[in-house]
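Participant: So the protein lines, in turn, are chains A and B.
Per the working numbering, the first sequence starts with residue 1, numbered consecutively.
Per the working numbering, the second sequence starts with residue 310, numbered consecutively.
To be clear, the hints were calculated from the coordinates, so they are not data collected in a lab.
Yeah, the Cβ is synthetic: ideal placement off N, Cα and C, and Gly gets one too.
Check each hint, because a few of them may be wrong.
[Unchecked claim] Here are the computed lysine-lysine pairs in the BS3-like style, where the Cα-Cα straight-line distance is at most 25 Å: (1) B:413 / B:632; (2) A:94 / B:463; (3) A:90 / B:632; (4) A:94 / A:16; (5) B:463 / A:90; (6) B:413 / A:90; (7) A:56 / B:413; (8) B:413 / A:94; (9) A:14 / A:77; (10) B:577 / A:157; (11) A:306 / B:494.
[Claimed, not checked] Some, not all, of what chain B presents toward chain A, calculated at C-beta under 10 Å: (12) 377; (13) 407; (14) 432; (15) 455; (16) 457; (17) 514; (18) 532; (19) 533; (20) 537; (21) 552; (22) 560; (23) 565.
[What the hints assert, rightly or not] Here are the computed distance ranges between Cβ atoms for each label pair: (24) B:549 / A:29: 23 to 33 Å; (25) B:397 / A:195: 30 to 40 Å; (26) A:59 / B:529: 24 to 34 Å; (27) A:218 / B:534: 18 to 28 Å; (28) B:394 / A:29: 39 to 49 Å; (29) A:67 / B:633: 36 to 46 Å; (30) B:415 / A:97: 55 to 65 Å; (31) A:168 / B:549: 23 to 33 Å.
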Amino acid sequence: MSSQVMNSQATSSKAKLTLGPVLYNWPAEQRRDFYFQIAEEAPVDVVYIGEVTCSKRAPFLTPFIPEICERLERAGKEVVISTLSLVMSKRERKELHEIVQDSPWTLEANDLSAIGLLEGREHIVGPFVNVYNEDTLDYFYRNGAQRIVLPCELSGKAIERLLLSNNSKEIEIQAFGRVPLALSARCYHARSHGLSKDGCLYVCEQDPDGMNVETLDGEPFLAVNGTQTMSYTVNNLLDEVNYLNKLGVTHFRLWPQQVDMVRVAETYRARLDGKVTNEEGQDVLSNLVDFAPFANGFYHDVEGNKLVE
Amino acid sequence: MELVCPAGTPASLRAALDAGADVVYVGFRDETNARNFPGLNFSPEELEESLEKAHDMGRQVYVAINTYPQAGNLEPWYRAVDTAARIGVDAVILADIGLLDYAKRQHPELRRHLSVQASASNPEAINFYHSAFDVQRVVLPRVLTVHEIAELIKEIDVETEVFAFGGMCVMAEGRCSLSSYATGKSPNMNGVCSPASHVEYEQRRGKLVSRLGEFTINSFPNEEAAGYPTLCKGRFVGHTGEPSYLFEEPTSLNVMMLLPELIQAGVKALKIEGRQRGKAYVYQVVSGYRKAIDAAMKGEPVPLMDMGNITEGTRSTAGAYEKNWR
């Protein structure tokens, strides 16, 4: 019993903040400057970087990655390269093989193709891989995962059950930001502009937080990010992170949005360190995020778009 | 080319066999399968009887156990695999890594197929499932073109099964939480998408409005037939400010015209979607595809068949199999 108590104390003191990869099509220079600022100012422990959503965007960011990673590492951040979430074409497969072969940084696998290629090698299982139960969790740890990021639709109850059997290994949940809900071969950004995916003109760049999708009643519903469909609401588990940390969640992911992510990270850090109350933290976050309301429905086992207070 | 057909009831299973199905796939009556609808699916006893009938006719039965087992409650999924093995079904169709591992360890002799819900869209992923769990066949996600399927088959050591007809996901299967975002219930966790329990129709000034959870999915003038509000087939407003079928029109998949190309590509089996459909529907679709496959296998022209009256929204598409769909 005493070792269990010690374990839980050990994990709770180690709560780490992570910055997920930018899911949107931000111009490469803007992404670089964003990461430089994160390196210097944001109290995050881990930074994920790489093109996860659409392989057509990757060539713009790739040349900047070594410089960005170097800057992040000098600032003491753990750097992880995130891989593509839907891998189909020959080119996408070739790029995946190259990244697995050549990357000096740890990789986050976001498709079973990467999981297969990384077998036996330390890696991170990303949020686009289905992990719903303890058997799958256990399989991935045995396969070489050092950390597993859970899918967005898992409830707090399910997360609790998973933590009972993860033997104090690293586990990450999505704490802040619009959550990626679906992937497709089709590009809805291009489609909504009357274009095909091949001739998309990179119109997704126009919506750096995603393109809002409303119902026929004018009610905001979803957000489109190229081939990815996101929640309209902004997931926010500030009120839940300390409880989850006590249970054994080691890492909390913040998805980059076009808001002051340094302040977002500071707020989560302060809450995890007990330096602000939930109310104080929520006030800060509400002032930062003005483009959509918060939600935490998935965590509370109700509709994902709902906010349970 | 094997014709794999759906059945939600023993009566539909008989209809599928009578219409010429080589294989019928079914699910148990619980959350272990992705068509977990009231009044649908098979008890172990019904499966046993149906299997006997199919085997007597020289046909096969597969069992889909293709939702993701719930944390802390793995027993129903273990039991489903154990029951399928005990009854002696010809294959189980699985999606979850943990459950594939369980099935391989507990029932190594039970043939395992990878469900479309696992969304294995490339040789690397498929080869992983093959080497880790000895999967013998993969049901391909509806994201690949025929050309990509042909290329993929050259690089894998397992059989491929592709969707030919029926409801069509526009998202990569098994990687979609749109339904739970709107209703709290998802295909992966609950075996349902846009569930009927959360659907409402409302009359509003000469229009019938369909809603899912608290969201309007579509609106139809009264003289128009209202489609079921599947979330991704609704009308929404994007950047243009004009309503449109932003994700996909309410169409059905139909690859009949692509049959020669799919045969040429080396596809092993064609799958008809629709375990939730009635036996008349199953009979009609299966008969049509039986004739089409028989003709295509002989190199004869594929007979043009009017499926219009039974396709969703009375329109059909070859979907992702053609590149311009993207």
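Participant: Next step is simple, just say for each hint if it's right about the structure.
Facilitator: Status of the hints after comparison with the structure:
1. B:413 / B:632: Outside the cut-off at roughly 36 Å; violated.
2. A:94 / B:463: 16 Å, holds
3. A:90 / B:632: 15 Å, holds
4. A:94 / A:16: Distance ~33 Å between residue 94 of chain A and residue 16 of chain A Cα, so the pair is violated.
5. B:463 / A:90: 13 Å, holds
6. B:413 / A:90: 31 Å, violated
7. A:56 / B:413: 38 Å, violated
8. B:413 / A:94: Violated - the C-alpha atoms of residue 94 of chain A and residue 413 of chain B are around 31 Å apart, more than 25 Å.
9. A:14 / A:77: Within the cut-off at roughly 15 Å; holds.
10. B:577 / A:157: The hint is violated at about 41 Å.
11. A:306 / B:494: 13 Å, holds
12. 377: 4 Å, holds
13. 407: Residue 407 of chain B check passes; min Cβ-Cβ to chain A is 3 Å, inside 10 Å.
14. 432: 7 Å, holds
15. 455: Residue 455 of chain B check fails; min Cβ-Cβ to chain A is 13 Å, beyond 10 Å.
16. 457: Residue 457 of chain B check passes; min Cβ-Cβ to chain A is 6 Å, inside 10 Å.
17. 514: Since chain A brings no Cβ nearer than about 13 Å to residue 514 of chain B, farther than 10 Å, the hint is violated.
18. 532: 18 Å, violated
19. 533: Status violated, d = 14 Å.
20. 537: 16 Å, violated
21. 552: 6 Å, holds
22. 560: Hint on residue 560 of chain B: violated, closest Cβ of chain A at ~13 Å, above 10 Å.
23. 565: 21 Å, violated
24. B:549 / A:29: 23 to 33 Å: Given range 23 to 33 Å: holds, Cβ gap about 29 Å.
25. B:397 / A:195: 30 to 40 Å: Check failed, 52 Å falls outside 30 to 40 Å.
26. A:59 / B:529: 24 to 34 Å: Roughly 44 Å apart at Cβ, these two residues miss the hinted range, so it is violated.
27. A:218 / B:534: 18 to 28 Å: 25 Å, holds
28. B:394 / A:29: 39 to 49 Å: 57 Å, violated
29. A:67 / B:633: 36 to 46 Å: Holds, at about 39 Å.
30. B:415 / A:97: 55 to 65 Å: With a Cβ separation near 34 Å, residue 415 of chain B and residue 97 of chain A fall outside 55 to 65 Å, so the hint is violated.
31. A:168 / B:549: 23 to 33 Å: Check failed, 51 Å falls outside 23 to 33 Å.
Consistency with the previously given hints fails for numbers 1, 4, 6, 7, 8, 10, 15, 17, 18, 19, 20, 22, 23, 25, 26, 28, 30, 31, ordered from lowest to highest.
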